[in-house]
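Student: One point on numbering: in our numbering, the residue at position 544 of the sequence shown is 544, and numbering is uninterrupted.
Keep in mind that the hints are not guaranteed to be accurate.
[Claimed, not checked] With a cut-off of at most 27 Å between alpha-carbon atoms, the simulated DSS-like pairs for lysine-lysine come out as follows: (1) Lys588 with Lys726; (2) Lys83 with Lys73; (3) Lys765 with Lys726; (4) Lys83 with Lys706; (5) Lys328 with Lys77; (6) Lys706 with Lys765; (7) Lys688 with Lys765; (8) Lys825 with Lys83; (9) Lys811 with Lys83; (10) Lys869 with Lys807; (11) Lys869 with Lys804; (12) Lys83 with Lys285; (13) Lys706 with Lys721; (14) Lys807 with Lys825; (15) Lys115 with Lys174; (16) Lys39 with Lys73; (17) Lys811 with Lys328; (18) Lys726 with Lys706; (19) Lys167 with Lys115; (20) Lys39 with Lys765; (21) Lys804 with Lys825; (22) Lys75 with Lys328; (23) Lys75 with Lys39; (24) Lys39 with Lys706; (25) Lys497 with Lys507; (26) Lys328 with Lys174; (27) Lys328 with Lys285; (28) Lys73 with Lys285.
If you are wondering where the hints come from, they were derived from the structure by calculation, not from laboratory data.
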Amino acid sequence: MPGSVFEIRVLNCADRPGSTFTSTVSGYYQHSQIDTAVKHIVALDAGGTAPVIYVTLNPVNSALLARSTNRLKHKVKETTADKDILRRHWLLIDCDPVRPSGISTTDTELQAALKKAEAIRAFLGSSGWPEPVTVMSGNGVHLLYRIDLPVDEGGLVERVLHALAAKFDDGVVKIDQAVHNAARITKVAGTIAANKGDSMVGVEGLEDRPHRRAALLNVPESVVPVPVELLEALAATAPSDDPGPARATPRSAGSASSGHDKFERFDPSPSGVRSYLERHGVTIKSEGRDGASTHLYLDRCPVVADCQSTCDSDIAVIVGGDGRIGYKNLHNRGEGLGWLDVRDALEPGYKAWVASEGWKTQASAIPKAPGPWSPPRPLHEGPPPPPIPLEAAFPPALSEVRDFVAAVAEAIQVPLDLPAMLLLPIAGVCIAQKFEIELRPGWREIPALYILSLLESGERKSGTFSLMIAPILAWEREQAGELGPMIACAQEERKIKEGAQAELRKKAAKGDSQAREDAMELAQQLAEDPILSVPIIYTSEATSEGLALQLLQNQERGLVASPEADALDVMMGRYSEKGSPNMGIWLKGHSGDSERVVRRGRPPEYLDHPVLNVALAVQPESVRSLFASRAARGRGMLARILVSVPRSMVGHRKTGGNAEQLPDRLARTYAVMLRSLLNTPIVDQGPKIVRLDPEALALFVEFERKLEPELARGGFLGDRKDWGGKLCGAVARIALVLYGLQYARNGCCARSEGSAHLIDGATMKAALAWSPYLIDHERVVAATVGCDPITQSADHILGWIERKGLKTFSKRDAFIGNRSSTILKADDIEGPLNLLIELGYLRRQPDPVTEWTTGRPPSPMFIVNPEWKQGVRR
1 MPGSVFEIRV
11 LNCADRPGST
21 FTSTVSGYYQ
31 HSQIDTAVKH
41 IVALDAGGTA
51 PVIYVTLNPV
61 NSALLARSTN
71 RLKHKVKETT
81 ADKDILRRHW
91 LLIDCDPVRP
101 SGISTTDTEL
111 QAALKKAEAI
121 RAFLGSSGWP
131 EPVTVMSGNG
141 VHLLYRIDLP
151 VDEGGLVERV
161 LHALAAKFDD
171 GVVKIDQAVH
181 NAARITKVAG
191 TIAANKGDSM
201 VGVEGLEDRP
211 HRRAALLNVP
221 ESVVPVPVEL
231 LEALAATAPS
241 DDPGPARATP
251 RSAGSASSGH
261 DKFERFDPSP
271 SGVRSYLERH
281 GVTIKSEGRD
291 GASTHLYLDR
301 CPVVADCQST
311 CDSDIAVIVG
321 GDGRIGYKNL
331 HNRGEGLGWL
341 DVRDALEPGY
351 KAWVASEGWK
361 TQASAIPKAP
371 GPWSPPRPLH
381 EGPPPPPIPL
391 EAAFPPALSE
401 VRDFVAAVAE
411 AIQVPLDLPA
421 MLLLPIAGVC
431 IAQKFEIELR
441 PGWREIPALY
451 ILSLLESGER
461 KSGTFSLMIA
471 PILAWEREQA
481 GELGPMIACA
491 QEERKIKEGA
501 QAELRKKAAK
511 GDSQAREDAM
521 ELAQQLAEDP
531 ILSVPIIYTS
541 EATSEGLALQ
551 LLQNQERGLV
561 ASPEADALDV
571 MMGRYSEKGS
581 PNMGIWLKGH
591 SGDSERVVRR
601 GRPPEYLDHP
611 VLNVALAVQP
621 ESVRSLFASR
631 AARGRGMLAR
641 ILVSVPRSMV
651 GHRKTGGNAE
661 QLPDRLARTY
671 AVMLRSLLNT
681 PIVDQGPKIV
691 RLDPEALALF
701 VEFERKLEPE
711 LARGGFLGDR
721 KDWGGKLCGA
731 VARIALVLYG
741 LQYARNGCCA
751 RSEGSAHLID
761 GATMKAALAW
771 SPYLIDHERV
781 VAATVGCDPI
791 TQSADHILGW
801 IERKGLKTFS
811 KRDAFIGNRS
821 STILKADDIE
831 GPLNLLIELG
841 YLRRQPDPVT
851 EWTTGRPPSP
861 MFIVNPEWKQ
871 GVRR
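Hey, can you work out the whole structure from these sequences and the hints?
Tutor: Now the structure itself:
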């Protein structure tokens, strides 16, 4: 999906064909780089080293790109965990033929799985479920249903699978209930599935068990999410009296009546638990961290003797930071197993002893005391934003422009994002009124881009602006020097005419009819004579009236650029008498709609097709009023803004002249390109129309097709559909700007067929590469300025804590006290509470036992940070 990140993973990948040395291969890819991912998958599949290639089902936190950005990496230790998933977008129903473990299926077994999958699809369809994507996995059949659920959905997915298994499981095909976790991986369709023993073909007297390629069997025309109500209705049918899997035979005799001395005492720390397991012969293959918890990943289940690990994280002992110990086994036969079962398998009789007398006195059940508190971090501090994909953001033909952006960032020691984002509107104003892009008949976009970068003071914004805007200022000075004498003569000529008109008025007032006639003729000449002025297309601040006048005097094009927020303050009405926003010209300058300009003492004039560009880099605090403004959102101003939050370099900048200087060659190339575009004439016939060549059109249409369903309720941009609805147009405008720069780079001689200028596939790919970056940063800005729903709910919870004067509270209390349009169910409060825990406002109160008991658990309790100065949340 546009804007998403996914992981490609191979388990037990050989380092070369025929080698017995294997490791995990993993890589994280942006959706815009899916072609790159496909190339890497094809090469890996053809290389004969990958037994099976997997992909994550659900969208991954884009920060994980830093592990291996759009490439595959060997010998990795960390892969995607449940905490790294953003939302659940897919429900996987795996119809798995019953057979001995470690072998491929026969054709007969596979046909049984196909029939079972069809029966499930028909059953769900009769209940109103939409059509699924159907995949032959190589050894079974997958039904993939689109869903939209939070990562922590209260076990809904697990209960759905349990309900289906209860209804459809038999001795031939079973529903795999272990695939409910959010970070689930699945086979990549089109690749070989060779992880189940040998490919047995042609053995006399036995049916073939070949290695097959996974394949897409059916993809519906429209993939529609399953309504939550249907998921819950199915989950409600799940039985609650599952007897559980058969357990391994204990290794030695034990007695429920044995005393505590019969069982080991050990430190409930990661090292203590590791030592305990190793003393009992359990092999720990790796170790990982998940927040405050340590995961000890095992090679096989200590309870179910023949249940072996098949991936990095399917079987693990989990040691919590508070001393609690848990166990997970995601295989069907491991369902329901806990830490008590593991200890009972290692020390027979332990579970019965705990049940009878020992629970309260068990040493490992005593949680560690929490550490000291620290002041919480600001609530409106967003997560780390992803870096700009500079290499992908410019087509190969603009390598010098890309290098110039990188050189500016290096010379001034600022993030790459800042000069890259500023380039778009600066180049946009240079081609304004000269080029427009036509995506299809009736849909054109103008080169108007509103860029807003958020950086704190001291980030060298002014120096960056000076370098980026320098060619426009130089061009304006050149124009003033060339046109100055002509403008002076025209102004003097006008003054002469106005003086003559004044004399004629005096004579006409005395009854001179000829003077009256001459005065009328002279008035008509003055009205028709254009008022010449020096071109000034750049301003740092202006009232709406002043901005409209500047557009009128400069062929309806303009650029507002500043490292300060004054322009936003003026637009939002801070200095007006009534204090109300005046954003009409800003809205129309982005859309190109006509506007009337009224000046005192003169008749109204009209802007027919204004093109305004905006480049601002301001401190986050200065835009809170803009993003909180109902008028700005309601009138579509916020939907027009492309935002970024470059990562600060303060504290990590090169000093003492160690930074490389900006090469003169790159600076000259940049200046010549902009001057060439500025000197390209604006013609009376209107802007040149730029269209898409077949490859670029196919790329854009595919992007548009995939983005549209995500704007609906439940889509990943469903809560930002005003902004997301303009994203296709923004991408097209970026493509147009990139085209304009190529036009200048080629000496104002671009690729064309006849009179139609064409954008090629490479340029469109580059424009599309901006999309995930812009999506991620828009969400970060929403969190930074308090517009994100989870952040707003967390803010509301802190206000509730303040009003009640609470020191501790339960999750149930928080839900009842904070019900709202965004907190409708108990699960909805998990996100805000987790955010407050992450930022240090709260801690989850430790549970006094090592693992969860049966029945409904008590509502979790939370402790309020005593170091939090209530009332300070930003």
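Student: For each hint, tell me whether it holds in the structure or not.
Tutor: The hints, checked one at a time:
Of the pairs offered as hints, the one joining Lys588 and Lys726 holds, with about 15 Å between alpha carbons and a cut-off of 27 Å not exceeded. The straight-line distance between the Cα atoms of Lys83 and Lys73 is roughly 21 Å, inside the 27 Å bound, and the hint therefore holds. Distance hint between Lys765 and Lys726 is fulfilled; the C-alpha atoms sit about 18 Å from each other, no more than 27 Å. With a C-alpha separation of about 26 Å, the suggested pairing of Lys83 with Lys706 holds against the 27 Å cut-off.
A hinted pair counts as satisfied when its Cα atoms are at most 27 Å apart, and Lys328 with Lys77 qualifies at roughly 19 Å. For the hint pairing Lys706 with Lys765, the CA-to-CA distance comes to about 15 Å; that is within 27 Å, so the pair holds. As the CA atoms of Lys688 and Lys765 are separated by approximately 22 Å, the hinted pair is consistent with the 27 Å bound. For a cut-off of 27 Å, the pair hint linking Lys825 to Lys83 stands: about 21 Å separates their Cα positions.
Proximity of Lys811 to Lys83 is assessed by CA-CA distance (about 20 Å); at most 27 Å being required, the pair is judged to hold. Restraint check for Lys869 and Lys807: satisfied, since their Cα atoms lie roughly 13 Å apart, inside the 27 Å limit. The suggested pairing of Lys869 with Lys804 holds, with an alpha-carbon distance near 15 Å, which does not exceed 27 Å. Of the supplied pair hints, the one linking Lys83 and Lys285 holds, its CA atoms being roughly 21 Å apart against a limit of 27 Å.
As the CA atoms of Lys706 and Lys721 are separated by approximately 14 Å, the hinted pair is consistent with the 27 Å bound. Straight-line distance between C-alpha atoms of Lys807 and Lys825 comes to about 24 Å, which keeps the hinted pair within the 27 Å bound. A hinted pair counts as satisfied when its Cα atoms are at most 27 Å apart, and Lys115 with Lys174 qualifies at roughly 12 Å. A hinted pair counts as satisfied when its Cα atoms are at most 27 Å apart, and Lys39 with Lys73 qualifies at roughly 15 Å.
Using a Cα cut-off of 27 Å, the hinted pair Lys811 and Lys328 holds, with the two alpha carbons roughly 25 Å apart. Of the supplied pair hints, the one linking Lys726 and Lys706 holds, its CA atoms being roughly 14 Å apart against a limit of 27 Å. For the hint linking Lys167 to Lys115, the alpha-carbon distance of about 15 Å falls within 27 Å, and the restraint holds. Taking the CA atoms of Lys39 and Lys765, the gap is near 16 Å; set against the 27 Å cutoff, the hint holds.
Between Lys804 and Lys825, the direct Cα distance comes to roughly 22 Å. Compliance with the 27 Å bound is thereby established for this hinted pair. For the proposed pair Lys75 and Lys328, the alpha carbon gap of about 24 Å is at most 27 Å, so the pair holds. Only pairs whose Cα atoms come within 27 Å are accepted, and Lys75 paired with Lys39 is accepted, the gap being roughly 20 Å. For the given pair, Lys39 sits about 21 Å from Lys706 by alpha-carbon distance, which is consistent with the 27 Å threshold.
A C-alpha spacing of about 15 Å is found between Lys497 and Lys507, which places the hinted pair at or below 27 Å, so the restraint holds. About 21 Å separates the Cα atoms of Lys328 and Lys174, which keeps this hinted pair within 27 Å; it holds. Between Lys328 and Lys285, the direct Cα distance comes to roughly 15 Å. Compliance with the 27 Å bound is thereby established for this hinted pair. The hinted pair formed by Lys73 and Lys285 meets the criterion: a straight-line CA distance of about 20 Å does not exceed 27 Å.
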